[in-house]
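Engineer: Assemble the whole structure, with the sequences as input and the hints as a guide.
This is what each chain is made of:
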Amino acid sequence: MIEVIDAGTLLTIQDLGRPGHAHLGVPRSGAADVRSLRRANALVGNAPGAAAFEATLTGAVLRARVSLIVAVAGASAPVFVGDVPATVGRPVRLAPAQVLDVGAATAGARTYIAVRGGIAVPPVLGSRSADTLSGLGPAPLVAGDRVDVGESVAAPQDLFTTAVPEHPLSGPEEAVTLRMLPGPRADWVAPASLESLPHLPFVASERSNRVGVRLTGATVARSRDEELRSEGLVVGAVQVPPSGEPVIFLADHPTTGGYPVIGVLDSASRTAAAQVRPGQQVRLVASR
Amino acid sequence: MGHAATLIELDDADLVPALAAAIFAACEAGEIAARDVVPAATTVLVDGLSRVDTAVLADIVAAWEPDDVETHLGGLIEVPVAFDGPDLGDVAAAWAVTPDQAVAEIAATEFTVAFCGFAPGFAYLTGLPEHRAVARRAEPRTAVPAGAVGLAGPYAGVYPRSSPGGWQLVGTALGQPLWDTDRTPPALLTPGTRVRFLP
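Going line by line, the protein sequences match chains A and B.
Count along the first sequence from 1, then add 90; that gives the number in the working numbering.
Count along the second sequence from 1, then add 1; that gives the number in the working numbering.
These are calculated hints, taken from the structure and not from any lab test.
A quick note: this is a predicted structure, and the numbers were derived from the prediction, not measured.
Using N, Cα and C, we set each Cβ at its ideal position, and we do this for glycine too.
Heads up, some of the hints might be wrong.
[Unchecked claim] Some but not every residue of chain A turned toward chain B, in silico, with C-beta under 7 Å:
(1) P109
(2) A112
(3) H113
(4) L114
(5) G115
(6) V116
(7) V174
(8) V211
(9) S224
(10) P274
(11) R319
(12) S320
(13) E321
(14) G322
(15) V324
(16) T346
[Said to hold, decoys possible] Label pairs and their in silico Cβ distance ranges:
(17) B:D101 <-> A:D96: 56 to 66 Å
(18) B:P165 <-> A:P281: 35 to 45 Å
(19) A:P258 <-> B:E111: 52 to 62 Å
(20) A:S157 <-> B:R52: 39 to 49 Å
(21) B:D12 <-> A:G216: 34 to 44 Å
(22) B:E140 <-> A:P332: 13 to 23 Å
(23) A:V375 <-> B:Q102: 49 to 59 Å
(24) B:V53 <-> A:E335: 31 to 41 Å
(25) A:A194 <-> B:G176: 49 to 59 Å
Structural biologist: Below, the structure is given as structure tokens:
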């Protein structure tokens, strides 16, 4: 068992989400940055999709109630076991009552804390993910919450020596460049507007969340302003509402949306989008 | 739509549930592997396709003939409804009929679940004639109770759980819940299902 001492801005449990139910209006949900979830799980010898903690911006403080092995991946953040700095990118042993303190992210937005054995809350529709849009799955965690840890699978011999590659993150002052493939409604924006897109100085809004990164600071001029009838959405879809300020959809996106999708981020950029911080500059460029 | 998804647009919105059913059938038969098939108003989205399956899907759609729409549609679900909605009077006024006549017209309509969206288990039901389309409420309600039956645009729908909402509420669904995560499938009204509201 592990206890939440401080949940920070938003601390949720996430796995790979609940695909296969979108036709019933159920969002995929799951870790916003799937690559970092997999990395954290790999570091503790879990299956890639084991449920782990997703901490947001300000980190989280957790207390082990039993002996545990944990690992942190994703956004860069100072990590302490008690008052002792821990090696990031390695599995860390926690003795009963020891505290894991993941500080505020210094680059990126979401930190993943995997626990060997996975977090064992009851699954809903096959997933332990907290879906902040629909409310499915476990509620966001608050101080005092205690969650069970699953049974460990057989430990790989090299658990404490395996090198799992880290993915570079942009610093908070750097612009994040996201690469976009053409979307189904690219023709709903003026060609000149599409051409100027890479030069527009977008900024991620404070209203960004697990549903999507809301861009502000520049607008995309639409060439058609009639209403689009609702159509299916995917993770990484770049939607342009009437305001012209694009929204990049993340894990908790609604299953359908009624504004034109002008592009879809490529795989690497979907991960990068999940690590964009509010206030950070964002560039949208064409993927090739 | 990106590397791994295909969005298929149909000229005839009424064919959407049938095409979605055909694609679900292709998935079940192992012809393609897809993560999600999402019917909507005039489109079907197929997400999580490999490069090979994107091509196979294109062949399936090109060869698909919408001649047996009826056989693809799901069963009939009868939902008992108390027509006690706060907007029934407004809907009747918009239709230029009495509330009783509006109820009779809704009860006489066989609806089809065109697609789900907005919230888990929220079904967009088609079946009302075009001239019965009503506007959303100017002021959405902050909390619509679970089971509320509403109309908006060309659609009817039932709120599976309490949520904010702007649909014109005409009644309350009784009987089995619209959404139950312990049931398979968790949604009572799935795409293609035919629905009748019983007063």
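Engineer: With reference to the structure, classify each hint as holding or not holding.
Structural biologist: Hint by hint, here is what the structure shows:
For the restraint placing P109 (chain A) at the interface with chain B, the shortest Cβ-Cβ distance is roughly 4 Å, inside the 7 Å limit, so the hint holds. The restraint placing A112 (chain A) at the interface with chain B holds, with a minimum CB-CB distance near 4 Å, inside the 7 Å limit. Against a cut-off of 7 Å between C-beta atoms, the interface hint on H113 (chain A) holds, since the closest Cβ of chain B lies about 5 Å away. Interface hint at L114 (chain A): satisfied, since its Cβ lies 4 Å from the closest Cβ of chain B, which is below the 7 Å cut-off.
Look at G115 (chain A): its Cβ gets to within about 4 Å of chain B, closer than 7 Å, so that hint holds up. Residue-level restraint check for V116 (chain A) holds (minimum Cβ-Cβ distance to chain B is 5 Å; threshold 7 Å). Annotation: V174 (chain A) was flagged as interfacial toward chain B, and the flag is violated, the nearest CB pair being 42 Å apart, outside 7 Å. Taking 7 Å as the C-beta cut-off, the interface hint given for V211 (chain A) is violated, the closest approach to chain B being about 14 Å.
Residue-level restraint check for S224 (chain A) holds (minimum Cβ-Cβ distance to chain B is 5 Å; threshold 7 Å). Here the hint on P274 (chain A) is kept, as its CB sits about 4 Å from the closest CB of chain B, short of 7 Å. The interface hint given for R319 (chain A) holds, since its Cβ lies 4 Å from the closest Cβ of chain B, which is under the 7 Å cut-off. Satisfaction of the interface hint for S320 (chain A) is found here, the shortest Cβ-Cβ separation to chain B being roughly 5 Å, below the 7 Å cut-off.
Interface hint status for E321 (chain A): upheld, as the beta-carbon distance to the closest one in chain B is roughly 4 Å, under 7 Å. A distance limit of 7 Å between C-beta atoms decides the matter here; for G322 (chain A) the minimum to chain B is near 3 Å, and the interface restraint holds. Taking 7 Å as the C-beta contact cut-off toward chain B, the hint placing V324 (chain A) at the interface holds, the least distance being around 5 Å. Given the 7 Å rule on beta carbons, the hint for T346 (chain A) holds: about 4 Å separates it from the nearest Cβ of chain B.
Separated by about 59 Å at the C-beta atoms, D101 (chain B) and D96 (chain A) satisfy the suggested range of 56 to 66 Å. Range check, P165 (chain B) to P281 (chain A): Cβ separation about 37 Å, and the 35 to 45 Å hint holds. Taking the beta carbon of each, P258 (chain A) and E111 (chain B) are about 57 Å apart, inside 52 to 62 Å as hinted. A hinted range of 39 to 49 Å for the beta carbons of S157 (chain A) and R52 (chain B) is consistent with their spacing of about 46 Å.
Restraint check, D12 (chain B) to G216 (chain A): a C-beta distance of roughly 36 Å satisfies the suggested window 34 to 44 Å. Between E140 (chain B) and P332 (chain A) the beta carbons are some 19 Å apart, a value that agrees with the proposed interval 13 to 23 Å. At roughly 58 Å, the beta carbons of V375 (chain A) and Q102 (chain B) sit within the given window of 49 to 59 Å. V53 (chain B) and E335 (chain A) have their C-beta atoms about 37 Å apart, which keeps the hinted 31 to 41 Å range intact.
A beta carbon spacing of about 50 Å between A194 (chain A) and G176 (chain B) agrees with the range 49 to 59 Å that was offered as a hint.
The structure shown violates the earlier hints numbered 7 and 8.
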